[in-house]
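Chains as they are written, first to last, in the numbering used here: chain A, 1429 to 1606; chain B, 766 to 929.
Just so you have them, the derived chain A footprint on chain B, three or more residues with Cβ under 8 Å: (1) 799-811; (2) 826-833; (3) 843-854; (4) 917-925.
No lab work stands behind these hints: they were computed from the structure. A quick note: this is a predicted structure, and the numbers were derived from the prediction, not measured. All C-beta atoms, glycine included, are put in the ideal place defined by N, C-alpha and C.
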Amino acid sequence: MSGAPTTDLAEVPDDVLARIGQVQYEEEGGFPVEHGYIWTTCAAVENGNPLFWDDEVAAQLTDVPIAPPTMLSVWFRPHHWSPGRTEPAVPLQAHFDLKDDLDLPEAIISSNTITFHDPVRIGDRVRSRQVLRSVSDPKTTKLGRGRFWVIDVEYLNQDDALLGVESYTAFGYRREAS
Amino acid sequence: MTARLLHGDVAVGDTLPELGVDVTATTVVLGALASRDWRPMHHDKDFAVERNGTKDIFLNTPNQAAWFERYVTDWTGPTGRLGRMTFRMNTSVFPGDHMVFDATVTGTDVDAAGCGWVDLDVALMVGDVATTTCAVRVALPTHDDDNPWARSGQGWRPGDGGAG
Chain A
1429 MSGAPTTDLA EVPDDVLARI GQVQYEEEGG FPVEHGYIWT TCAAVENGNP LFWDDEVAAQ
1489 LTDVPIAPPT MLSVWFRPHH WSPGRTEPAV PLQAHFDLKD DLDLPEAIIS SNTITFHDPV
1549 RIGDRVRSRQ VLRSVSDPKT TKLGRGRFWV IDVEYLNQDD ALLGVESYTA FGYRREAS
Chain B
766 MTARLLHGDV AVGDTLPELG VDVTATTVVL GALASRDWRP MHHDKDFAVE RNGTKDIFLN
826 TPNQAAWFER YVTDWTGPTG RLGRMTFRMN TSVFPGDHMV FDATVTGTDV DAAGCGWVDL
886 DVALMVGDVA TTTCAVRVAL PTHDDDNPWA RSGQGWRPGD GGAG
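Kindly generate the complete structure, drawing on both the sequences and the hints.
Right, here's the structure in full:
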């Protein structure tokens, strides 16, 4: 990977720079956190953790039943269909905006960090918001020439308690001409 | 209460018991739908082959996260509380693969709030290939009466410390 800036990519537009640190796309999940999805998720990976199956264990450890922490992003994903919607909902819209605004048609997520804060409890209404954290100078990788960017997705409950943060590092690029 | 692991029971260099799972199309589809991921490459083989250029449908990332959580908390018991996970996806996992999870303890510490942390390097292997690696920071009780789930505010600092 080379960090040497070149002139082959356009400068980062001012309106992109202005978005760094700003909250975008605040959205509420389509339904409250519920037990059925928790059991379905545990069943899908054969997770027998009694915290999610035994109310007495939940009462001892967390007072009330909670969801597995890694289900954080499940609660805001849109339904496959809902009345009146004509366009498919796109998760991580800030990422797709950058691809367009920086004229980098290809992109991959190179790493993803999830930090877990307050537990997600049954009945919680989870909402998410996206924050662009950084855009790098031009870089060259084996995929092509482009820029890295970091987007945080923050998850909060109905009381504004922070439930977790997913931080995505993406590389947007153009394929090398063959 | 189910048996639980204490922070003092763990040392750097410890390894976790391996977990092996035969992946089927049901594994992939069930995992995708449980995580509300409706994208066709996780349930439609024709789409995956023709549009994504992969050999089959493949495990989605949120479902892999659920597998990593299950693997780690099988080891910690229910008092283990995940603080942070960092994933690097190298290649995909397909029906017909036998995936094996393994892990090594890379660090232990007690933070300023008294919370006991263990850092793990976890790998999802298919054959000799680490398809996904995951650095995990998980809190364990420091003594019999400690409960990491009871921590909040300044007592719960999952973003601090560790290598992830």
